[in-house]
Amino acid sequence: GAVVSQHPSWVICKSGTSVKIECRSLDFQATTMFWYRQFPKQSLMLMATSNEGSKATYEQGVEKDKFLINHASLTLSTLTVTSAHPEDSSFYICSAQERGNDNEQFFGPGTRLTVL
Amino acid sequence: AQTVTQSQPEMSVQEAETVTLSCTYDTSESDYYLFWYKQPPSRQMILVIRQEAYKQQNATENRFSVNFQKAAKSFSLKISDSQLGDAAMYFCAYNKRGKLSFGAGTTVTVRA
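Chains as they are written, first to last, in our numbering: chain A, 1 to 116; chain B, 1001 to 1112.
Hints listed in this document are in silico derivations from the structure and should not be mistaken for laboratory results. Among the hints, a few may not be true.
[As the list claims (entries may be wrong)] Computed list of lysine-lysine pairs in DSSO-like fashion (alpha-carbon distance at most 30 Å, straight line):
no.	chain 1	residue 1	chain 2	residue 2
1	B	K1099	A	K20
2	A	K14	B	K1073
3	A	K55	B	K1099
4	B	K1099	A	K41
5	B	K1096	A	K55
6	B	K1073	A	K66
7	A	K41	B	K1073
8	A	K64	B	K1073
9	A	K55	B	K1073
[Claimed, not checked] Here are the computed distance ranges between Cβ atoms for each label pair:
no.	chain 1	residue 1	chain 2	residue 2	range
10	A	D102	B	T1020	41 to 47 Å
11	B	N1067	A	K14	37 to 43 Å
12	A	E87	B	Q1069	37 to 43 Å
13	A	E22	B	P1040	40 to 46 Å
14	A	D65	B	E1052	23 to 29 Å
15	A	T17	B	Q1069	37 to 43 Å
Glycine included, each C-beta is placed from N, C-alpha and C at the ideal position.
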């Protein structure tokens, strides 16, 4: 149980285009989902927290107009990187919390974004 | 704000031996959770062990155990009988009200 998927696992796009990454909880309802960014050999940095049906809360320094997050259902959250540039190339990881249990996060396998 | 410090960027251990990873954290809270996560080359985050701050007993999961010192705000991970599959990056994390703060990570290599 408690499986989280991400799609795509790897995406390459041209500079200036937008890319959407999906995060799905497969066997539970996720009232809260988190989006992290990770550079090689570094730690996970929280970008934003999304609650189903409400606007995402962004961490300081994260451009909310650039990283659009939507959590439209209890099993799906999306991260859209708008007008991507090479510096946006990174590994993006989502995690999900089950309703009533904020003591544990279940992580997706991550998405590698390369912007040319 | 919570900060988590892992002071060992890299650790190396001989197969079948024991290695201990250190972690300290800063908080003014009394009730919280601490975690160790493993991130192998696949980069999938895997929960290794969890500790609830109000529990004095150290958590254990098979070959993995922690030494939780609440007053010292220390939370070290011991890997016993190390196996080749233990090679990964290990992150210490603090959870309060659902948000995780991660340490910088420790890369563990296992020598055959």
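We went through each hint and held it up to the structure:
1. B:K1099 <-> A:K20: Holds: K1099 (chain B) and K20 (chain A) sit about 24 Å apart, inside 30 Å.
2. A:K14 <-> B:K1073: 46 Å, violated
3. A:K55 <-> B:K1099: 17 Å, holds
4. B:K1099 <-> A:K41: With Cα atoms ~22 Å apart, K1099 (chain B) and K41 (chain A) stay inside 30 Å; holds.
5. B:K1096 <-> A:K55: 21 Å, holds
6. B:K1073 <-> A:K66: 37 Å, violated
7. A:K41 <-> B:K1073: Cα-Cα ~25 Å, so holds.
8. A:K64 <-> B:K1073: It is violated: about 34 Å lies between the C-alpha atoms, which goes past 30 Å.
9. A:K55 <-> B:K1073: Violated: K55 (chain A) and K1073 (chain B) sit about 34 Å apart, past 30 Å.
10. A:D102 <-> B:T1020: 41 to 47 Å: 29 Å, violated
11. B:N1067 <-> A:K14: 37 to 43 Å: Between N1067 (chain B) and K14 (chain A), where Cβ atoms are some 50 Å apart, the hint is violated.
12. A:E87 <-> B:Q1069: 37 to 43 Å: 40 Å, holds
13. A:E22 <-> B:P1040: 40 to 46 Å: 23 Å, violated
14. A:D65 <-> B:E1052: 23 to 29 Å: Roughly 39 Å apart at Cβ, these two residues miss the hinted range, so it is violated.
15. A:T17 <-> B:Q1069: 37 to 43 Å: Distance hint for T17 (chain A), Q1069 (chain B) is violated at roughly 50 Å.
Checked against the numbered hints listed earlier, the structure breaks hints 2, 6, 8, 9, 10, 11, 13, 14 and 15; every other hint is satisfied.
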